[in-house]
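Asks: These are the residues of each chain, in order.
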Amino acid sequence: MVTMVTLTIDGRRVQAEKGATVLEVAREQGIDIPTLCHHEDLLPYGVCRVCVVEITRGKRKRVVASCTYPAEEGLIVETNSERALNVRKGVAELFLARHPNVKVIKELAAKLGITEPNPRFNVENDYCILCGQCVRACSEIVGANAISFSERGITRKVSSPFSEAAGDCIGCGTCVYICPTGIITMKDIEDGGLVYPGGRDSLGPRRIIHTWKVNLDMVLCRVCNRPFTTQAKIEFMQKRAKVPVPLEELSVCPTCKG
Amino acid sequence: MKKLASAEHLESLRKEINKKRDPNLPCITICGGTGCQAYGCQRVVEGFKKEIEKQKLENRVTVRLTGCHGFCERGPLVVIHPKGTFYQQVKVEDIPEIVDKTILKGELVERLLFEDQAAKKKMLTEEEIPFYKKQMRLIFGNNGRIDPCSIEDYIALGGYAALSKALFSMKPEEIIGEVKKSGLRGRGGGGFPAGTKWESCRRAEENPKYLICNADEGDPGAYMDRSLLEGNPHSVLEGMIIGAFAIGSHDGYIYVRNEYPLAVKNATVAIEQAEQYGLLGKNIIGSGFDFSIKINRGGGAFVCGESSALFASIEGRIGEPRDKYIHATDKGLWDKPTTLNNVETWANVPLIVTRGAEWYSRIGTEGSKGTKIFSLVGKINNTGLVEVPMGITFREIIYEIGGGIPKNRTFKAVQTGGPSGGCLPEKFLDLPIDFDALTDAGSMMGSGGMIVMDDRTCMVDVARYFLAFLEEESCGKCTPCREGLKKMRAILEAICGGRGRQGDIELLERLSQVLVDGAICGLGNTAPNPVLTTIKYFRDEYEAHINQKRCPGGVCKALIKYSIDPEKCKACGACLKACTVEAVTGERKQPHVIDAKKCIKCGACYEACKFDAVVVS
Numbered sequence: 004m005v006t007m008v009t010l011t012i013d014g015r016r017v018q019a020e021k022g023a024t025v026l027e028v029a030r031e032q033g034i035d036i037p038t039l040c041h042h043e044d045l046l047p048y049g050v051c052r053v054c055v056v057e058i059t060r061g062k063r064k065r066v067v068a069s070c071t072y073p074a075e076e077g078l079i080v081e082t083n084s085e086r087a088l089n090v091r092k093g094v095a096e097l098f099l100a101r102h103p104n105v106k107v108i109k110e111l112a113a114k115l116g117i118t119e120p121n122p123r124f125n126v127e128n129d130y131c132i133l134c135g136q137c138v139r140a141c142s143e144i145v146g147a148n149a150i151s152f153s154e155r156g157i158t159r160k161v162s163s164p165f166s167e168a169a170g171d172c173i174g175c176g177t178c179v180y181i182c183p184t185g186i187i188t189m190k191d192i193e194d195g196g197l198v199y200p201g202g203r204d205s206l207g208p209r210r211i212i213h214t215w216k217v218n219l220d221m222v223l224c225r226v227c228n229r230p231f232t233t234q235a236k237i238e239f240m241q242k243r244a245k246v247p248v249p250l251e252e253l254s255v256c257p258t259c260k261g
Numbered sequence: 178m179k180k181l182a183s184a185e186h187l188e189s190l191r192k193e194i195n196k197k198r199d200p201n202l203p204c205i206t207i208c209g210g211t212g213c214q215a216y217g218c219q220r221v222v223e224g225f226k227k228e229i230e231k232q233k234l235e236n237r238v239t240v241r242l243t244g245c246h247g248f249c250e251r252g253p254l255v256v257i258h259p260k261g262t263f264y265q266q267v268k269v270e271d272i273p274e275i276v277d278k279t280i281l282k283g284e285l286v287e288r289l290l291f292e293d294q295a296a297k298k299k300m301l302t303e304e305e306i307p308f309y310k311k312q313m314r315l316i317f318g319n320n321g322r323i324d325p326c327s328i329e330d331y332i333a334l335g336g337y338a339a340l341s342k343a344l345f346s347m348k349p350e351e352i353i354g355e356v357k358k359s360g361l362r363g364r365g366g367g368g369f370p371a372g373t374k375w376e377s378c379r380r381a382e383e384n385p386k387y388l389i390c391n392a393d394e395g396d397p398g399a400y401m402d403r404s405l406l407e408g409n410p411h412s413v414l415e416g417m418i419i420g421a422f423a424i425g426s427h428d429g430y431i432y433v434r435n436e437y438p439l440a441v442k443n444a445t446v447a448i449e450q451a452e453q454y455g456l457l458g459k460n461i462i463g464s465g466f467d468f469s470i471k472i473n474r475g476g477g478a479f480v481c482g483e484s485s486a487l488f489a490s491i492e493g494r495i496g497e498p499r500d501k502y503i504h505a506t507d508k509g510l511w512d513k514p515t516t517l518n519n520v521e522t523w524a525n526v527p528l529i530v531t532r533g534a535e536w537y538s539r540i541g542t543e544g545s546k547g548t549k550i551f552s553l554v555g556k557i558n559n560t561g562l563v564e565v566p567m568g569i570t571f572r573e574i575i576y577e578i579g580g581g582i583p584k585n586r587t588f589k590a591v592q593t594g595g596p597s598g599g600c601l602p603e604k605f606l607d608l609p610i611d612f613d614a615l616t617d618a619g620s621m622m623g624s625g626g627m628i629v630m631d632d633r634t635c636m637v638d639v640a641r642y643f644l645a646f647l648e649e650e651s652c653g654k655c656t657p658c659r660e661g662l663k664k665m666r667a668i669l670e671a672i673c674g675g676r677g678r679q680g681d682i683e684l685l686e687r688l689s690q691v692l693v694d695g696a697i698c699g700l701g702n703t704a705p706n707p708v709l710t711t712i713k714y715f716r717d718e719y720e721a722h723i724n725q726k727r728c729p730g731g732v733c734k735a736l737i738k739y740s741i742d743p744e745k746c747k748a749c750g751a752c753l754k755a756c757t758v759e760a761v762t763g764e765r766k767q768p769h770v771i772d773a774k775k776c777i778k779c780g781a782c783y784e785a786c787k788f789d790a791v792v793v794s
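These protein sequence lines are chains A and B, in that order. Reading the first sequence from the start, the letters are residues 4 to 261 in the working numbering. Reading the second sequence from the start, the letters are residues 178 to 794 in the working numbering.
Extracted from the complex, chain A is given alone in its bound form (with noise of 0.2 Å):
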């Protein structure tokens, strides 16, 4: 049974359901609030802490980061409130000091009235900004854990086993199209081969993602013959579906399958 709370946000009273975070409930009304690591279809993780808001909650206020802090009968938020917007454009000032390149930041700090990085910081140029979408999507859509973050503190990195060839990755790319950034990039190309004095072995299609430094075959249409997609890719959800699956079945592209 779903349990409805009455909470309020910027203002105006809103029924919500019991467990929806403050996340949901604000932009089902409309209300926006920036958000960086935060991804519909992943669980929150509450990591950028771009998203906080401020909440009063009996006598006690607090600035939690509303992508993880869950609708409570009689809990008022404030959006936009001086101690928020204190944390939102200092995390956005940081990240412009790091990733000064970035699109999503300097679009996020723009939003904020932040254009050019504080002279007092040292600016880095990285890209990663490290919100573990790709991480998170490996793990929690995909289920293949081929990449994880590593290390700790300033050096934290996203990164394969040990930064070498990612053994379980099976190249279906999400992390590519999830990553807010770019910064993970994948090539597909028509004949890969290695080449040696006086000769070259062809190895057919292959799709490389260089950030996780794996190279993988890629299998044909069975109907149109164009490679469209990685052999551990099919393995994979073969292995992983709950009825068997006939290999012909999953060997055709989309565009063939209509």
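You may find that some hints are simply not true.
As the list claims (entries may be wrong) - Sample of chain B residues facing chain A (criterion: CB under 8 Å; computed from the structure):
| # | residue |
| --- | --- |
| 1 | Ile194 |
| 2 | Asn195 |
| 3 | Glu535 |
| 4 | Pro657 |
| 5 | Glu670 |
| 6 | Leu684 |
| 7 | Gly695 |
These aren't lab readings, by the way, just hints derived from the structure by calculation. Glycine included, every Cβ here is placed at the ideal spot set by N, Cα and C.
Go by the hints and put chain B onto chain A.
Replies: Below, chain B alone, put in the same frame as chain A:
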């Protein structure tokens, strides 16, 4: 050993153990805490054992390696019972004389006694020494009396009587009621009322429920949980079992860092012994209650002391915190109701059960009851672990227990609460210490670190040091902590390096607020404390660094200069010998001179000069 099957069985075992022990026969206890281990107490123990054997005294004299006695400054420590004769800095060479004089003839070895500098008097026992006199060693006191690897030692002193009382004559709700009434607050840092936490956990609907002892102490300079788990592991186990019975848990964990090998070993041995005696496992002392404890070793990440990161670590995931908008008592380890308390909190529990909440709540202040163990370190004469009643003042701890500041220097600040605590100035010396008073002053109790600083300390440098520690230990998961600490540390480096600019203080304050409000976990929320408190209480030092490029503490290398006062210089040559880069020159009977170009500002000449002729400016 047959398992204990009833409360009576436990009591008869206690009588049996005590019957075999004559309290009038000599017992030599040697401190085996990590500090004394480093001084080589293991060799002292072997030495005593050999000497006792040589003199054929094995039947009359007991030699016991115990837990930490606390007075780490003076180790290795030896206390000889029944008189309690206290010897300090004992070496292997002293042993034959001690056995010969003290054990056989009942005489004293004068030179090994502690001499109180103020009273110019030799002290005979621990009770006389100012370091111990002002303490109230309820939790820590038995450390010096028992061999941590002997459950019999613990039982002999009344151990597990509280458990038996709880199991056979109290209902779980009654125990929770007692703990609530006692006013016990979590000793791990937050100071959350323990009884309230237990109650929420008991009331949570889901099962199983988990109980965890947090022994992931990682603050620089703090080692009280370590010494307690090393020195009296059964007191922690007993508290945990009582807690488990109260909340209805059957699975417990001790999360202890792997860098504490002795704590891991002693806790492991204690669990095995308690299981053998039927004090842990199925049907504890015939009560029908089951509880088992596993040890989980941590990999040394500071952040794993934070509850949600600790759960993740036990679950085998990366030790990173998550938003805790749902309490651990509802969804903790494996999303099940969990009670997490630290080592010292658990060790308080048997005491409350045995002596009652009424008695316990008479100790301490209005809002903070009982005692607290502090690790007293830094610029202090008597370094060590001190257990004091809540409400004691800094002045009493620093000047009476701690014996004041070395070299008669003046007090500047005291840092409490670990790296994310704060620095409090002289005006707080008479503050009665408790959870709320420290928080109100801008610092915190934390797990009980207490670092004393003298006038030769630079407060900006102190803030820089702690921030560098926290930056290194940040897990990097959330933006404010990962990016914010990096930038704040860089600004502090700049200020210390003479590159501070106008507006830096305000920027630090603004970034601090981003962490206080924005970071996911307590580590990030409190990380700016060293900066905020030093700005609040020592703003003039920041301004001196930024505006006048001057370091009042004489610490920041880029801003200081060493020179020799020709009036005071006696041309003894001590500084010349101490200098490793030949920056000091001088002839006999001529005042020496420091060449600023060669000087690397290491301070060796300053330390070497007996006439205060080396000046830092």
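Asks: Going through the earlier hints one by one, which of them does the structure break, listed in rising order?
Replies: Of the numbered hints, 1, 2, 3, 5 do not hold.
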